[in-house]
Amino acid sequence: MTALFSDASLLVLALAIPAAVALLVALAGRCPNLREAVSLAGALLLAAVVFLLLARVLGGARPSLHLATIAPGLDLALALEPLGMLFACVAATLWIANTVYSIGYMRGNDEPRQTPFYAAFAVAIFSTMGVALSGNLITLFLFYELLSLSTFPLVTHKQSPEAMRAGRIYLLTLIGASMILLLPAIVWTAVATGTTNFTPGGIVAGHVNPLGMAVLFGMFVFGAAKAAVMPLHRWLPAAMVAPTPVSALLHAVAVVKAGVFTILKVSVYVFGLDTLRETGASQWLVYVAGFTIIAASFVALSADDLKRRLAYSTIGQLSYIVMAAAIATPAAAIGAALHIAAHAVSKITLFFAAGSVYTAEHVTKVSRMNGIGRRMPWTMAAFAIGTLSMIGLPPTAGFLGKWFMLGAAGSASDWFAVGVIVVSTVLNGAYFLPILTAAFLKPAGGPVGEAPVAIVVALTATAAGTVLLFLFPDVPLRLASAMVAP
Amino acid sequence: MTLAALQHHMPLLVVLMPLLGGLLVAIVRHPAASWPIAIASTAASLAGALALSREVAANGVISYALGGFPPELGIEYRVDAVNVLILVVVTFMALATLVFARLSVASEIDEGRQPWFYTMMLIATAGLLGMAVTGDAFNAFVFLEISSLATYTLIALGRDRRALVAAYQYLIVGTIGATFYVIGVGLLYLATGTLNLELIAERLPEVTSPRALLAAEAFILVGIALKLALFPLHAWLPNAYTYAPSAATVLLASTATKVAVYLLARYIFGIFGLHREFGEISGASILILLSLAAMFLASAAAIFQNDVKRLLAFSSVGQIGYITLGIAIANSDALTGAFLHIANHAVMKGAAFMAIGAILYRCGSERLDDLAGIGRAMPVTGAVLTIAGLGLIGVPGTSGFVSKWYLVAGAFEDGKGWLGLMIVASSFLAVLYVGRIMEIVWFRQPGRVALAAAEAPGALLVPMVTLATLTVLLGIAASWPAEMAHSAATALLGARP
Amino acid sequence: MTFVETLASEATRYVIVIVMVAGLYTIIARGNLIKKLVGLSLFQSSVYLLYLLPAKIFGGTAPILDDRFEVYSNPLPHVLILTAIVVGIGTLALGLALAIRIKGAYGTIEESEILARDAAKAEGKERGA
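Chains as they are written, first to last, in our numbering: chain U, 328 to 813; chain L, 32 to 528; chain D, -10 to 118.
Calculated from the structure, these hints are not laboratory results. Backbone N, C-alpha and C fix where the C-beta goes; we use that ideal spot for every residue, glycine too. Errors might be hidden in some of the hints.
Cβ-to-Cβ under 10 Å is the rule here; a few derived chain D residues that face chain L [said to hold, decoys possible]: (1) V8; (2) L39; (3) Y40; (4) A86.
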């Protein structure tokens, strides 16, 4: 089986499958069952391909493929390394869960325009795989932009004036930042170093002076506005008007992860952790990210809308990853990589649960969730697991990443970062635990009634994944370690 | 005629086919027959241009003596790597425009005048091709005037009465430019005794009067600059583009200025040399300054236009600035970028104007405000406009990025890194004017016009989707056009002096 | 050099320049579309002279080869200018045709009035909207 496919053909398949799904979904629009069967089959196939790739990457292979030459020194190329592998695994696995969930949610809520929804979703996954597999900055940029464009119809799915306004903020922030900051940063890198290829150990050392490096790093960080580092975070809460599966896609699977992935990838493979640490080019970012974490937590504390509270929680969690990238020690980078996976699987659980509550009872406010844990036990149990992971408590995946990051901050004597992690953990508890107490301890006030079975299956699976990732962190840990290994 | 003879006469046939097609249309003068004739003759011309490009790539320069007279006596058609690129671009864009023209012309022009419109399209194309292919300075003037006269007529066929004024003003300015050019050619002839560009270049070192040369250079370059709308000689262009019929605008925007740019490059590199000193400053620095002015001022002016065609017209003036900047930097990469941008800009501006033409076809308006929410009624047209806009900005994944990339690389190579920064900075202006269109097309609530609109018919969609696809394709797999542009650049840089 | 020859070679240059500048001035300074075209024609005519002047060689004859003659005038500029005259006539005809159409559409051929009418119309449209 494994010998059947060459490394390069697997890379092509990882892109071709979601692209084909998008096409087939569009063609099969008349027949909902076929359309959703195609989506699900595509998701399963993609996961199979990604796991084949995973086996090879763990075996030490680094598949790469040259697609086209844009200009001398400027290629469209794929190259898979451990971090990209980790991201691809996360995206491919969660696509399955998200497809199952989408089927339940879209049918349960009788949403209109489902065919364009599934098609755009597949294109978004295609772009995400492209981001994960890209071998240089320019390829990454192309898929990054395509991701922004393909998720726009998803964000504006409802087509209400409010949705269109949110879509406008979404697109303007993401595209604007990437055009004004990310693209010039890429051009700068290319002109200064003569290459845009991701190289272990980085490429800018010796080509850019330390001050220039700090500026360049800033252009990358804020250019990748999908990471939602303040002050470029407003698009994320605005995009909450989208249907819940889309929010899950944005927050867990694709969009924000593409942002932090870009930042981490640039830190490791363009600047090089050693270079960042020695020049202190990323030191300022520790403070910006730390501020984002604390400020986002305070906003979340006061938000009554459940999805809004989750959105600000995401902003905070993303900045953990950004802060870890800025600390730029190997341990911090490992923590950041683990947290990408951990946050993905636990945040998707939370959004699935929020969507489940909405589908079953049309509740969106935290203040109206009293006793809901007794009425929807599966949903809220999963929600509880996701919550624990957000706070960073064992036995959930969130603990792992935080543990590494805390250790890295401590051994780097970065007491500001240590303080931020400790304080924010308390704040996370402060805005999540009341939901749980209200949901489980207040009287039920109504009959037991769960959401459609597809929804429950999906969120149970991701909740289980959150725990399993804590118990068996071997694969992500090996990938993350391989990323920082010299 | 055997195939070999056909091959031998190809440089002439490329020009002759649209010219004869134009005559045929005028003689037949039947609305239904015009379009097929026009398509057939242009397609034949495109095939010829492609055959020439293959032959040039294989065997180098083709010299064709018109009527069998040697270059000293007669007119020489000279096809090399530089103008074969122009031939391909012009014939391809003319064909695409004509495919688009059928419905667009039918809706915008009275039936009785339609044959004349096609005649003028074909004659304008023939004139442009002649300008590109000829190796004779005076012959270039004749072709310049042929294409110009046809162009004035095309513009005057616009629906608005302001089209007449625009055509008249362009006629005055264009004729002054052409006359300037011919004065310069006269002076060159007096100094060297020949009109053949190659021979002029050969005999220049023997010329004893530098003043005559300087005057010749000034007249020729200013004359061509008027034609290519080099800032600040661009005043005729916005009105001409705005009021001409949609199909004519597409043709003008994607071919006319490009051929003039080619002629400019031909004279600068083939004859005068770029680094001639005018007093304290060199010709190159003047051209850089004007190019920068175009890139910034014209693009800035584009932001404040309320008519889409006018907006895109100002954008054209700005984009021409990038091309002339590449000529002024004058190393291999920058020139490759300039020639790539000639082709890439032709394709994307063609797509953009076609999209506007389709909107005009469906809605009868091209005011920016009337386009509100049109993307929802005409998603494909909106997407084409978007891709073309992204190309104008120079977003990676579109051909605009590739040409700008070469320009930036050329600037850095030349030690003029600040010019590279200027290219990037001026792109932000394009972000603004393109963003303004996008905002209106996609995000505004659909207005009265958009609600009544439907997606453009297939006959309009096919050419513009083709061009939009090409814009993306040439941005990703750019090696084929880049090779052509690179050999053009090499040919020019290898030329005297 | 005889007086006539001096006059021919020196004075004609000045005449050419004067005609050229007069033509250009008329194009720029006159608002009347017909007068502009007259200026354009003057400007072009000066170029015809510019070409023809050096082609004339004193004592030369028409370039028809014959044993009796040694010196010929250069035929090429004459041919070129013949072409240029044709182009000039075409341009003038098109310009006049446009002027007639403009007269029909605007009722005037004064540039300032045309611009004023366009401006008034645009303003009226905005007010109407």
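### Query
Can the hint on Y40 (chain D) be confirmed by a CB-to-CB distance to chain L that is less than 10 Å?
holds, 5 Å
### V8 (chain D) as an interface hint toward chain L, with CB separation required under 10 Å
This interface hint is violated because 12 Å lies over the 10 Å limit.
### Query
Against chain L, with CB atoms and a cut of 10 Å, does the hint on L39 (chain D) hold up?
Holds: closest Cβ of chain L sits about 5 Å from L39 (chain D), inside 10 Å.
### Proposed interface contact between A86 (chain D) and chain L, which counts if any beta carbon pair is under 10 Å
Cβ of A86 (chain D) sits 8 Å from chain L, so the hint holds.
The structure is inconsistent with hint 1 alone, although it conforms to all the rest.
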